[in-house]
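Visitor: If you want the building blocks of each chain, they are given just below.
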Amino acid sequence: MLLSDDALVDEIHSGSTLAFGVLMKRYEKLVYRIAYDHAKNPDCAMDISQNVFLKAHKNLSAYSGSGVFKAWLMRIAYNESVSWFRQQRNERVTDELTPTNTPVLRAVQVDEVARQEYQDIILSELKKLSSRQRLAVSLRYFEDFSLREIATVLNSSEGAVKSILFRSLEKLRNTTTFQRRRNYAQL
Amino acid sequence: MHSCKQIHAIFERFLTGELLPSDKEILDQHLPSCVDCQSLMEIHDELMRIDGRVADPSPEASWAMRSSVLSQISQSANGGRNLRLNRKVSPFVPSFAAAAVLVLGVFLGSWFSQPDSVDDQLLNAITRQASIERSLEDSWEAPLFFSNVAVRDWNDTRVSLGFDVCRSVDLTTGMNSPVASDILTHAILNSDSMGGRMRAMEIAALSTDDRLTQALVVALQQDPDQTMRITALNALARKGDNEQIQLALLGALRDDDSVQVRLLALEFLVNQSQGLDTLETIIREGSEASNPAVFQRVRELKTDLSSEAFL
Numbered sequence: 001m002l003l004s005d006d007a008l009v010d011e012i013h014s015g016s017t018l019a020f021g022v023l024m025k026r027y028e029k030l031v032y033r034i035a036y037d038h039a040k041n042p043d044c045a046m047d048i049s050q051n052v053f054l055k056a057h058k059n060l061s062a063y064s065g066s067g068v069f070k071a072w073l074m075r076i077a078y079n080e081s082v083s084w085f086r087q088q089r090n091e092r093v094t095d096e097l098t099p100t101n102t103p104v105l106r107a108v109q110v111d112e113v114a115r116q117e118y119q120d121i122i123l124s125e126l127k128k129l130s131s132r133q134r135l136a137v138s139l140r141y142f143e144d145f146s147l148r149e150i151a152t153v154l155n156s157s158e159g160a161v162k163s164i165l166f167r168s169l170e171k172l173r174n175t176t177t178f179q180r181r182r183n184y185a186q187l
Numbered sequence: 188m189h190s191c192k193q194i195h196a197i198f199e200r201f202l203t204g205e206l207l208p209s210d211k212e213i214l215d216q217h218l219p220s221c222v223d224c225q226s227l228m229e230i231h232d233e234l235m236r237i238d239g240r241v242a243d244p245s246p247e248a249s250w251a252m253r254s255s256v257l258s259q260i261s262q263s264a265n266g267g268r269n270l271r272l273n274r275k276v277s278p279f280v281p282s283f284a285a286a287a288v289l290v291l292g293v294f295l296g297s298w299f300s301q302p303d304s305v306d307d308q309l310l311n312a313i314t315r316q317a318s319i320e321r322s323l324e325d326s327w328e329a330p331l332f333f334s335n336v337a338v339r340d341w342n343d344t345r346v347s348l349g350f351d352v353c354r355s356v357d358l359t360t361g362m363n364s365p366v367a368s369d370i371l372t373h374a375i376l377n378s379d380s381m382g383g384r385m386r387a388m389e390i391a392a393l394s395t396d397d398r399l400t401q402a403l404v405v406a407l408q409q410d411p412d413q414t415m416r417i418t419a420l421n422a423l424a425r426k427g428d429n430e431q432i433q434l435a436l437l438g439a440l441r442d443d444d445s446v447q448v449r450l451l452a453l454e455f456l457v458n459q460s461q462g463l464d465t466l467e468t469i470i471r472e473g474s475e476a477s478n479p480a481v482f483q484r485v486r487e488l489k490t491d492l493s494s495e496a497f498l
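Chains as they are written, first to last, in the numbering used here: chain A, 1 to 187; chain B, 188 to 498.
Chain B with its partners taken away, still in its complex shape:
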């Protein structure tokens, strides 16, 4: 018969899921006769059942925290002041953000009732907002001004934006202006509006702004909706074949859950003259579930190539 002390080593392995086959037999023999070890096992079982996590923070508080961090990082990167560690301020940040939204809401409300010079007022409002809140990178949940904006039309000198579906207004600003880049980045990553994301991705395909390319890459990698990832993939493929885009396409070929996205990535990469053998190796590293269909397509492409060479 083993003593409790001998059992402890086995129990430590049990707690971390490293139990050996011989350990199980020893435990089975020991437990029925030892109340202490039974209680230990009982605690382990209960802990496995309990969800001891505390309630999550509110989305507003999280958003305010992230905005504050990103804003401090941006300022620091731009040669501004050093990062400031917070001790007392943040309880007020959510209420400050809410107040900012309220003020903007009041401003927009009064503005909508005055049809004259709306373009200027809107442009001013957006410019002011963009200069205050430089955290549009964090656009998934940003419950601010830009959430109501949809991009309707865009060219080198003009931006057409829609508000709350039924209102629209034209702005005069270039596609590569910082404000335009902010709005489009936000729209590409804005989880609230699928239509807005799709339109923004199509427009971003025409821009040369690196930040928009980066936003498209993030959308391709992270957007939960397959249609959106396909739109991002198409937009990136239209932008050309620089290294960042190629890496994103290779990542989609290897890792995307959707066979459709992987097949599309494969087509684009083949068009960009990537070797089929290399692509086959990359596919092999990816998710097993989608591999057969993608391999089948590689085989077809290889057959096409060899017939072409024969002809």
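Same shape as in the complex, but just chain A:
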């Protein structure tokens, strides 16, 4: 049983720092993942997360309180991450997969090497999508966001989100098919 986000926001408006701590704890991992998606570095992702929460607290009066706090916060996370990324673009570090940031695959019941390989290709191609497309796919498939929540995060209509998701899948289909064929040809 949890206190709703909006109830916690009301508490914060009444001066409770404790309530903001609860909200931070609730969403810090989600914010971190969005930040990490842009920063590709745990320390930078944590810096971005900190800024996101400070901005959220500062601008809390702008939140309408209509049950979409999570999406509202993720929008700040996305904007902050994009802005960080733009600032860093010139001295961007290479996107390396290290043991700490390698995407974790769910346990696969049967030993399906081909499937693992296919999933690896999808994950690697996912990184090549545009920032908005990547976020839409991540929120939809990995974070279980509703269409409405994704629309709030991306500041778009629900129709636009459907279209973004569809185009992303089309891109993934085209690139992964190419990759698979190339891998097959190399055998």
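Please note that a few of the clues may not be correct.
[Claimed, not checked] Derived coverage of chain B by chain A (criterion: at least 3 residues anywhere in the stretch with Cβ under 8 Å from a Cβ of chain A; other residues may be distant): (1) 230-238; (2) 401-412.
[As the list claims (entries may be wrong)] Calculated lysine-lysine pairs in the DSS-like style (CA-CA distance at most 30 Å, straight line): (3) B:Lys192 with A:Lys128; (4) B:Lys211 with A:Lys171; (5) A:Lys29 with A:Lys70; (6) A:Lys25 with B:Lys426; (7) A:Lys128 with A:Lys55; (8) A:Lys127 with A:Lys25; (9) B:Lys192 with A:Lys127; (10) A:Lys171 with B:Lys192; (11) A:Lys127 with A:Lys55.
Everything labelled a hint here was simulated from the structure, so no lab data went into it. A virtual CB, placed ideally from N, CA and C, is assigned to each residue, including glycine.
Following the hints, complete the assembly by docking chain B onto the known chain A.
Guide: Using the frame of chain A, we list chain B on its own:
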């Protein structure tokens, strides 16, 4: 036969779980004959299976980040400097926190070997800690000094604290002092110690400090352990019937997963002269699973009331 372009609109609905019954039939007809759309479906299926999330941050790094944010918010609220957005500092924050713990550990180690004037030293250490780390609101995972403290006894002028189970020491400080409030708030929300939480809640029931009331409300709403939520409920009920407490009790009556907690909240609210019809409406808004038992109790209370009126 539908073209791929016609299928796209259906596919968009499929991706967002809004497929119409007629759509399914069209897709079933189209897919076997179209390799492109089959591949699209394959990608969707794989994405549903993959966990593409990156590894979570370490608890220490998360704690340091939250502490830093809460501390900046507190300073800003107290009229201090503006919130400072961080660009480069935080990689050092976890190591700074670890260093702080180490220094405190060394300090405590040397202190434990000197039995003289331990009260003063402990009080100084706690006061210093409380003045540095003003983020005790975030006490669930705070791996710091106070984690080892258990409150053993408390009155207007004296606090008895225990360390690591076997050591204890008395402090002289009032129940409503900021240090005392910090320690109790931490103890109420400290997930490491159930005994510590229970004792702190019992003591907080006697305090008039608003912050402790707030901590009890958070414990009632969020503590994963039913016994702890019941203890928090009892403590709040003992504190009286101000609006904040009534709202918390109403929330527990409506939302708590435990029938026991909901029944207890009901008893307290009835004792606070809340109308049974109003309470019945609130119960109806809550979780279906626990409703029958709670409704049954409302009916019994109504019967009791009407017999009382008859007599």
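Visitor: Confirm or reject each hint.
Guide: Verification of the supplied hints:
1. 230-238: This one holds; 8 residues, not fewer than the three required, reach chain A with a Cβ under 8 Å.
2. 401-412: holds (count 5)
3. B:Lys192 with A:Lys128: Measuring from Cα to Cα gives roughly 25 Å; hence the hint holds.
4. B:Lys211 with A:Lys171: Given that 30 Å is the threshold and the Cα spacing comes to 24 Å, the pair holds.
5. A:Lys29 with A:Lys70: Between A:Lys29 and A:Lys70 the Cα gap is close to 12 Å, so the pair holds against 30 Å.
6. A:Lys25 with B:Lys426: Distance ~28 Å between A:Lys25 and B:Lys426 Cα, so the pair holds.
7. A:Lys128 with A:Lys55: Holds, at about 29 Å.
8. A:Lys127 with A:Lys25: Satisfied, since the Cα-Cα distance of roughly 27 Å is no more than 30 Å.
9. B:Lys192 with A:Lys127: OK: B:Lys192 and A:Lys127 at ~27 Å, within 30 Å.
10. A:Lys171 with B:Lys192: Satisfied, since the Cα-Cα distance of roughly 16 Å is no more than 30 Å.
11. A:Lys127 with A:Lys55: holds, 27 Å
In summary, the structure agrees with every hint in the numbered list given earlier.
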